[in-house]
Amino acid sequence: MKRFLSVVLVIMLAAAITTPQASASAVEGYPSGPVRMIVPFVAGGATDLLARIVAPELSSRLGGASVFVENMGGGGGAIGVNAMIAARPDGHTILMTSSGPVIFTPHHSDVGYTNQEFAPVAVIAVIPNILNVHADSGITDLNGFLELARSNKAAGIPTLVAGSGFGISQHITMERFAMMLDEPGLFTVLTYDGGAESRAALMGQQVHAAMSVTSEVVPNIQQGEFVPIAIATNERFPMLPDVPTFREQGWDVISEVWYGVAAPAGTPQDIVVHLSNLFQEIMEIPEIIEQCERIGLPVVFIPHDELYRQWMSDFEITGEIIQAIRERDEAGQ
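Each step along the sequence shown adds one to the number in my numbering, with nothing skipped, and position 51 is 51.
Watch out, some of these pointers could steer you wrong.
[What the hints assert, rightly or not] When the alpha-carbon atoms are kept at most 20 Å apart in a straight line, the in silico DMTMM-like pairs for lysine to aspartate or glutamate are as follows:
1) Lys-153 / Asp-110
2) Lys-153 / Glu-117
3) Lys-153 / Asp-141
4) Lys-153 / Glu-183
Keep in mind the hints are simulated off the structure, nothing from the lab.
Hey, can you work out the whole structure from these sequences and the hints?
Written as structure tokens, this is what we have:
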């Protein structure tokens, strides 16, 4: 199962070997109207914040064409994804998504799409997941959380952990962590319609902990509202150097999320390449890099062709791993 928790790292490795592309050149007749950028989550989460950072720059590079962000949360991202897929494949409707709705969600329910309904455009950021508790909990590390969970279990009290969407990386990572512990019923993962709702549940102490995308909780950590107890990276994260990794605390948990752009399958290749080049230009702007870092999203650019290969591969690998988890659950192990 180590393979599952590390699967998204493949994309990080791809970024390291990516070479810059040529400057973006215009596509005749495109765009011919407003561009709709669908975010498959409610407002306030990392994907939404990123979309609103890049939308004005994309508009500028599309000759001033309006680029409007539309939030369509629900179904672990599937509602918004399906809306993009159903759009005309002409580049006027694109999707700003995290990896969850397009890599994980289709393996958990019949959402109406696989990995064949997309024209990947670019990855523009990669961020690890992080486990937080409320500052009032008194917990300072992963062992403290596990001790609380064991104490609650002995007392018949459920220990609840929030995850940002059913079947996406935060949910799956904590479910897998529970399997690694081999202590059935130690905690229950509750899923929400996005990072903002998951964060609100922890803020209101409706849950004992929350597994979140790091960028979504940096402000809460900085303000002393949340205490980060484990980050799911190989090494400590530069933006939060004092937070220990899961590995440092004895658990081989690696879980990261990529953020990227896609269009409906069938979108003309010249438009896909054009958009990929434009996003590369945007993500090289110092002010954009600064804004992304301010919300805890390190810029990592991966162009359309490299993303396509990784998207297709990661989708298939994730399906194999999730099936293995199901078989293990059915066997009662």
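Could you tell me which of the hints above the structure violates, numbers in ascending order? Numbers 1 and 2, in rising order.
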